[in-house]
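Q: Note that the protein sequences, when read in sequence, are chains A and W. Heads up: the first sequence begins at 1 in the working numbering, then just goes up one per residue. Heads up: the second sequence begins at 1001 in the working numbering, then just goes up one per residue.
Everything labelled a hint here was simulated from the structure, so no lab data went into it. Given the structure is predicted, the values throughout are model-derived calculations rather than measurements. It cannot be assumed that every hint is accurate.
For lysine to any residue, the following SDA-like pairs were computed, each having C-alpha atoms within a straight-line distance of at most 20 Å [to be verified]:
no.	chain 1	residue 1	chain 2	residue 2
1	W	K1073	A	K213
2	W	K1073	A	P278
3	W	K1073	A	A84
4	W	K1073	A	D296
5	A	K224	W	E1005
6	A	K224	W	E1084
7	W	K1073	A	E196
8	A	K224	W	P1065
9	W	K1073	A	S283
10	A	K213	W	Q1067
11	A	K224	W	L1053
12	A	K213	W	E1005
Below, each chain spelled out in residue letters.
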Amino acid sequence: MIEPSTARADRFRHEALFYSGRSEFINGTVPFIREGLTAGEPVLVVESLEKIQTLRTALEEDADRVFFADMSAVGANPARIIPAWRDFVTRYGVPGKSLRGIGEPIWSNRTADELVECQRHESLLNVAFGHGRPWLLLCPYDTAALDSAVIDEARRSHEFVVDGGSSRESEHFRGIEACGAPFSVPLRPTPAGIDELTFERDGLRHVRELVRKHSIVVGLDQSKADNLALAANEVATNSIVHGGGRGTVRVWEDAGRVICEVRDRGVFDLPLADREAPGPDPSSPRGLWLANQLCDLLQIRTFHGETAVRLHMRLDPRVNLRVLPGGSNGVDLAH
Amino acid sequence: MVAGEIDISNTASVADSLRDGFEDGADPHLDLSRVSFCDVSGIRALVSLALELAPNRRLLVHGLPPQLETVLKVTGWADLPGLELCSCGGDD
């Protein structure tokens, strides 16, 4: 049972809930939801469909007053979660009243790359909401299923933790400012022998051609290949405008995904630039936002005065067809 | 009529030539059916052209290819006042 001290927020309160097993999950979340409902607060739960069912059963008729969303859809690309919370807070927030959310973006079979981006997302929540209106966000972490390093990182990305049923400040919280610092967690090494294309302002069409061609060759369908080329075009445009006027692009396949990497000499120091929904003003940036809506994952890193952006597009596992370039043993795309 | 690929290398010149072709008073029509690619910078230029028009005028866009529709929708520009997307095949 969470202590009543968590019930009031005079500012954004980002709290990790460490639980093990179904009953600890229910004991950690259901009273939190009920307190919000009693106070007349809007409550949004973004969880797996299985946990949503668990909560619906536990909440009985109170479930009808809770908003639910499927985290496997909302958080398929973790960079789309902050915009969903932003939308909830903007749409349902009223002056003088808090809101409540429960969001579990990390589960045990997230890929290693997704996990890192989820951890970045957890840190960026503090940057996105830490100086804004008061509301409570509780993030369940399954201690039985997750690595202890994941739990340690949750202590750094959350200002409060509920552990063993009691809530307290996390002494390991890295602070809002550090949460938004340029991200430099290493990327996986690039396979050897990958073609690299250097581009400038006049060469974006070559970037698009390269991305489209390589994507089709490894089995991405036409529409996803077009979307990846468009996303790559936007990231490369940022290199031209903000990253020293030029950059390099590479494309390869890794573990069922097509990965496109754009590197330039820029420094990416706007931590929320890829996850702030663009307003109507034509000058507001849209390129990275677009990339996050079209791609399955983005990895943005700044290392030693260089920025790398990797765009991931998942290959449909049902498609085993490989299109071999140029040879009679290849599959004709027109068929 | 505008044709080919639009990206940051040619958005300024495309916008300038379109603007020169707009007649005073009437709502300008723009056929995009032969645009094979248009990125955010290109759409931004079109949106800016629409915003430059007098408040009672609209830029009527015809023959919007699916790729441009994707960009417009995802970037939140599809509902912009002053930009009307006609659901016709173009060439009219």
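Q: Looking back at the numbered hints, which does the structure fail to meet, lowest number first?
A: 1, 6, 7 and 11
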